[in-house]
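Enquirer: Each chain is listed here by its residues.
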Amino acid sequence: MLIRIDPASTEAIFGQLAAAVRAEIGRGALRPGDRLPSARELAASLDVNIHTVLRAYQELRDEGLVDLRRGRGAVVTEQAAPPPELVGAVRDLVAAARRADVAPATLVALIKEEYL
Amino acid sequence: MSRLRIPVPVVGLAVPAVISLAAVTTAFVVAPARDIAVHWGPDGTADGWAPAWTVVVGMAVLGVIDALAFGLPLFATRREGPSAFQKLIAAIAVAFGVLMAALGLWVLLSQLDAAAEPPTIGVGLPLSVVIALVSGVLAWFATPRPMPVDPKGVAAEPLALAPGERAVWIGRTRLAWPGLVAVVVAIVASLGAAVAANVTTEGRVGALFLVPVVLLAVLVLTSFWVVRVDDDGLDVHSPLGWPRFRMPAAEVASAGTVEVSAVGEFGGWGIRSGKGRRLGIVMRSGHALEAQNRDGRALVVTVDDAGTAAALLSAVAARATAERG
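One line per chain: the protein sequences are A and B, in this order.
According to my numbering, the first sequence is numbered sequentially starting from 1.
According to my numbering, the second sequence is numbered sequentially starting from 117.
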């Protein structure tokens with residue numbers, strides 16, 4: 001799985017980490033039953049604090065995307081994989097946003113608003 | 117390709133068929149109308165007798181079995197060339213056909229003189245085996261080279277990284293079932309052989325039990341891998357931390373993906389050495405990450421989503437080169 005962190009961003013590092021894992025689940029690079037990298041290894045590679053990684057993993061657990069088990073680390077849950085029709089709908093949505101020259105941040109804001 | 121190569125079905129089917137047919141025809145013509153020696157005891161002297169025509173029929177039946185048993189896999193051809201397995205089957209078909217023809221003809225031709233003593237098997241058997249082995253080796257080299265699906269590989273487009281952006285790609289890979297079956301069979305076979313040897317020698321060769329133990333240790337240490345690409349470069353290690361293979365970002369000349377054939381290119385599974393200074397962590401055939409070192413060596417790892425890993429490795433290598441100036 002690919003994780004990208006931009007320290008210059010205003011979004012907290014743990015939020016960026018969690019978002020990156022969600023995106024990897026979304027594109028199918030992480031599948032139910034897959035193990036996330038150990039927090040120690042990920043923290044060392046990205047040069048961030050191990051507690052930042054653990055906090056991101058805990059957020060993903062609270063969302064039901066991963067199970068945290070002692071000794072086994074973080075494992076992607078069965079519920080994590082989004083239904084294929086949703087993935088298709090998102091692809092259409094992003095294509096529509098591109099056509100309309102809507103910035104990614106604006107699209108995300110629109111989606112968040114829809115949830116409220 | 118510098119010399120003539122003969123297609124696998126021709127070598128594996130037509131050659132044994134022609135040899136068998138020629139041998140059976142010769143045997144039919146020379147077979148005397150009486151009983152001859154057809155079985156030999158452990159000391160090499162004849163102890164079984166049968167009419168000569170049974171040898172001719174036996175040769176014909178075995179020739180047909182040879183063609184049928186080994187023929188089928190040869191027709192599942194791929195456009196790019198035969199698999200190593202198909203080459204092996206063709207070589208075995210030729211060796212088996214030659215062995216049967218040589219043995220049958222030797223049995224008949226050495227007993228044409230009715231007054232002479234039947235020969236001992238001491239010459240005919242080893243001679244036939246040697247001729248068969250040589251034929252098999254020739255058949256192997258007569259067939260085209262086993263070809264990987266995509267021997268060249270595809271260089272990855274570097275991932276666009278913003279200045280200061282940090283990125284890591286971590287993937288896992290583990291031994292797929294063909295390799296797993298091969299190792300488990302080897303462990304069970306060596307364990308069985310050790311038990312059998314120790315029973316028959318009243319336990320005097322206990323050291324043989326080291327073989328399955330060592331194989332099991334190799335299985336545990338080399339069947340699971342974590343593949344990591346970050347600012348430091350490529351790092352492939354067992355979850356236990358050892359063994360570990362690295363290629364620092366500044367030493368990466370290029371990164372890409374390649375389709376590998378485990379048996380065809382690396383001769384099996386595990387930590388393998390391939391042609392042209394390529395080290396392979398080969399857990400299955402198929403999609404793999406290939407990193408070229410500036411010194412000419414390459415590291416190949418079969419792992420899912422290798423394209424993303426290669427793109428990031430290309431990016432961090434470019435960054436490391438830029439930093440060095």
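Fair warning: there could be bad hints in the mix.
[Said to hold, decoys possible] Using C-beta positions, here's what the derived DEER-type ranges look like:
| # | chain 1 | residue 1 | chain 2 | residue 2 | range |
| --- | --- | --- | --- | --- | --- |
| 1 | B | V270 | A | V87 | 36 to 42 Å |
| 2 | B | P359 | A | T10 | 29 to 35 Å |
| 3 | B | A438 | A | V87 | 33 to 39 Å |
| 4 | A | R99 | B | V334 | 54 to 60 Å |
Derived by calculation from the structure, the hints in this document are not laboratory data.
Since the structure is predicted, the reported quantities are computational estimates derived from the model, not experimental observations.
Where a beta carbon is used, it is the ideal one built from N, C-alpha and C, also for glycine.
Enquirer: Would you mind marking each hint as holding or not holding in the structure?
Expert: A quick look at each hint next to the structure:
no.: 1; hint: B/V270 x A/V87: 36 to 42 Å; in the structure: violated (26 Å)
no.: 2; hint: B/P359 x A/T10: 29 to 35 Å; in the structure: violated (42 Å)
no.: 3; hint: B/A438 x A/V87: 33 to 39 Å; in the structure: holds (36 Å)
no.: 4; hint: A/R99 x B/V334: 54 to 60 Å; in the structure: holds (56 Å)
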